[in-house]
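With these hints in hand, go ahead and build the complete structure from the sequences.
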Amino acid sequence: MSEFMKLTATDMKSILQKLTVITVFLETIQDEQNPDEFSIKDTISEQEPCIHLVGAVFTAHKENEDIVLDQQLLNTVRIAQKFSPEVNDLRRKAATSSDVLVGYVVRDDLLYRVGSVALSDSDRGSCVTSQIVVPENRVDVQFEVVKYFHDLHGGHPGRAALTRWIWRHFYWKRLDQRVRSFNRDCLGCQARQQAANRKRVMSSRPPACPVRFGPFAIAYFDSSGPYQFVYEENGQKRTGKFYLFSLVCQSTRYIRVLPTVDKSAAAASQALYQLLAEEGRRPSDV
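Note that the sequence shown covers residues 1296 to 1581 in this note's numbering.
Check before you lean on any hint, since a few could be wrong.
[What the hints assert, rightly or not] For lysine-lysine, the following DSS-like pairs were computed, each having C-alpha atoms within a straight-line distance of at most 30 Å:
#1 K1442 / K1468
#2 K1377 / K1388
#3 K1532 / K1558
#4 K1532 / K1442
[Stated by the list, open to error] Restraint ranges, calculated between C-beta atoms of paired labels, are given here:
#5 L1369 / K1468: 52 to 60 Å
#6 R1548 / L1369: 46 to 54 Å
#7 E1381 / S1519: 23 to 31 Å
Note that these hints are calculated values from the structure, not bench results. Beta carbons: idealized from backbone N, C-alpha and C, even for Gly.
Right under this line is the structure:
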């Protein structure tokens, strides 16, 4: 959306200080038939003031509120780093090296790894951030970090979301493996995953049915195939194909299947008649 506003010099200065992108329309090549309205006129009077057209653009950036890490957790990691020979070696390299490519920095007596990660759901691009290094041999501290983020966000998050949340603040090589192990041992995460899997694999057909309907009171008839098979005839192996006609009870989800080599309308009618006759009830809606 663009807008033209009459501004004084003070108003213009105040607005321009708040903007990040400024475009000034300069005068272009003109002739007598096609005057340039953006050009500055040589003669300026009170009745005919000089006009400058300035285009300004606000750049919106969504800031995600960052969490404040628990000081007790940070102290636990800080102590674990002090007793880790590998981390202490990296500390010395970060302190003595002036090369920024070393990839590590020490802040608040904690060793950070500087890298590029996806910061959040709304910002999946690669962004530079600092991650607290957790020693590789301190599996107990790694699980404590995983549990902290798991309990902080609640709702038993999935593996991908929990890994991304931890990856924003902490780093160790087998982070994804620790998250998998934690999700596997958490009963709430397992229950949530099983519920999601049931919802994902359950077919939308047949739909839900009220309990007042008995078995095969409402049934669904369908066909599938062809399926290949191999059989032997006169000592020679031959191949063929067959189809399946199925009848599904809506209330119980019980299924009856009848194989056939013919998928014609006559064969389908015969299969439906046979399946209904074997069940002993006539469905009210097929």
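Violated constraints from the hint list, given by number and in increasing order: Violated: hints 4, 5 and 7.
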